[in-house]
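Participant: Please put together the full structure from these sequences, using the hints given.
One-letter residues, chain by chain:
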Amino acid sequence: MKQFQYVKASSNAGVITAISKPGTKIIAGGTNLVDLMKRGVTAPDRLVDITHLPLKSINITGKGLHIGALALNSVVAENALVVEKHPLLAMALKAGASPQLRNMATVGGNMMQRTRCTYFYDTAMPCNKRAPGTGCGAIGGINRMHAIFGTSSKCIAVHPSDMCVALAALDATVIIAGPKGQRTLQFTEFHRLPGEHPELDNHLATGEMILSVEIPDNNFAKNSYYLKVRDRQSYAFALVSVAAALDIQNGVIRGARLAMGGVAHKPWRLFEVEKSLIGKKPTEENFAQAAQLAMQGAKAYEYNAFKLKLAPATIAEALKHASGLV
Amino acid sequence: MENEKFGMDARQQTDLKDPSRRSFIKQSSLLTAVALTPATALKAAEDHLDEQIAGVLEKLPLRMEVNGEMHNLSVEPRATLLDILREEMDLTGTKKGCDHGQCGACTVHVDGQRVNSCLTLGIMVNGKKVTTIEGLAKGDVLHPMQEAFLKHDGFQCGYCTPGQIMSAVACINEGHANSEGEIREYMSGNICRCGAYPNIVNAIMDVKNGGMEA
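Each protein sequence line maps, in turn, to chains F and B. Read in order, the letters of the first sequence correspond to residues 1 to 326 in our numbering. Read in order, the letters of the second sequence correspond to residues 1 to 214 in our numbering.
Derived from the structure by calculation, the hints contain no laboratory data. Every clue listed holds true.
Derived lysine-lysine pairs resembling DSS-like cross-links, with alpha carbons at most 30 Å apart:
1) F:K38 to B:K96
2) B:K59 to F:K25
3) F:K56 to B:K129
Facilitator: As structure tokens, then:
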């Protein structure tokens, strides 16, 4: 690993000034960053340790449930408010990584993690995300884990997070601080599609840091489910995952939220499918129809065509679990 | 001063304009790294020229409690907790498996919580308490989990075992050992290539049912 300077920040302002300088990165849990640094995928000159900042709280505000950027994944997953109000988030967190990693990883770090595309990790291979302009090794390569939605000719990598899929489904917002003050982004607008600039994973500007996420109150707690399909039962990234949340009143769906993981460069929210479910009964047929609708615009590559079948099957199954049919 | 603007922690800031800092670098270089430090680089640091050179030169003080004993070390920021334990402190019970957070062989407890020491920068453990496999037994009396792994033959080659045991102790302390299925899920961060999983699960069930205290 390349040597770097280590500095510790004692205020948000300190972090913002520090990361405005090129070559500086924030470190919190380090579970992804240290790995990337060991492999030479990234080589910052300076790390700013933010783990001592007061950004760990989980509490109710006027806008819903507030979760600090430094709250640990394991802590959020077990938090009583999260489990009671947004069990979907707890399920997604528990589906991610391992207990050890969840004890280290933070909410903000989870959002900032990079793709696990093997071509991104292998510095001997071309990768437009790691080294813009070098090409994409995955497009003509072994692309079994790769995206079927929102790809570009530059990149077909997927975002690896489970937590983010749940937060996208739950209409969360992201509170960001930067040189110009604070701003708020819809969670679904935080990550971006690769387009011409796959080196950019999200819409954070230079000098900006994540302070927290907020989840508005909803009626989904009773009928939500996170279903993750992977090569082994635990401790593996998703082939396809689905966050499903339903508001069912008197046997009719009044509201629905659906997002997929493992299929795109960002958590893939299914707004149209959600609308199509409103007013319908929670039946297997309706869920199968919704799942088919979700696949509009999907495009497979040589080794990931199985996702064209796996994805709708996973959506239907997640909806069945969420509605209590299973 | 630049670092005041950054709001950096005074102890760990790397402001070369600060004479005490400068003398620390010089001193620590002289004391611990004199053979490795090119004279030109030392001169550059003394003249507070290039902060990147200073970054390369600098070792930072790390104070941590390991297995009940306080240690004062001087470490490079890039040194992982795993490498510090094994290479600086001769605590080789903690194993380096994949070195990338994928196998769990390096699992230790930091302030009572299990973590992958291979992905933990040592400097970030400053002021914390670390427990390794060497810290579980009380003298010649093995920890109940160690006894259980022996009793249930919870290993073959043994390489993953220290990590498995540290993780198993945490698994019970966290309250995640209430069924075989739950144990399997909450031990999934520890890979055993020999496939001793059934015996590992039995060992954990046994300790859990025997009422191990945290």
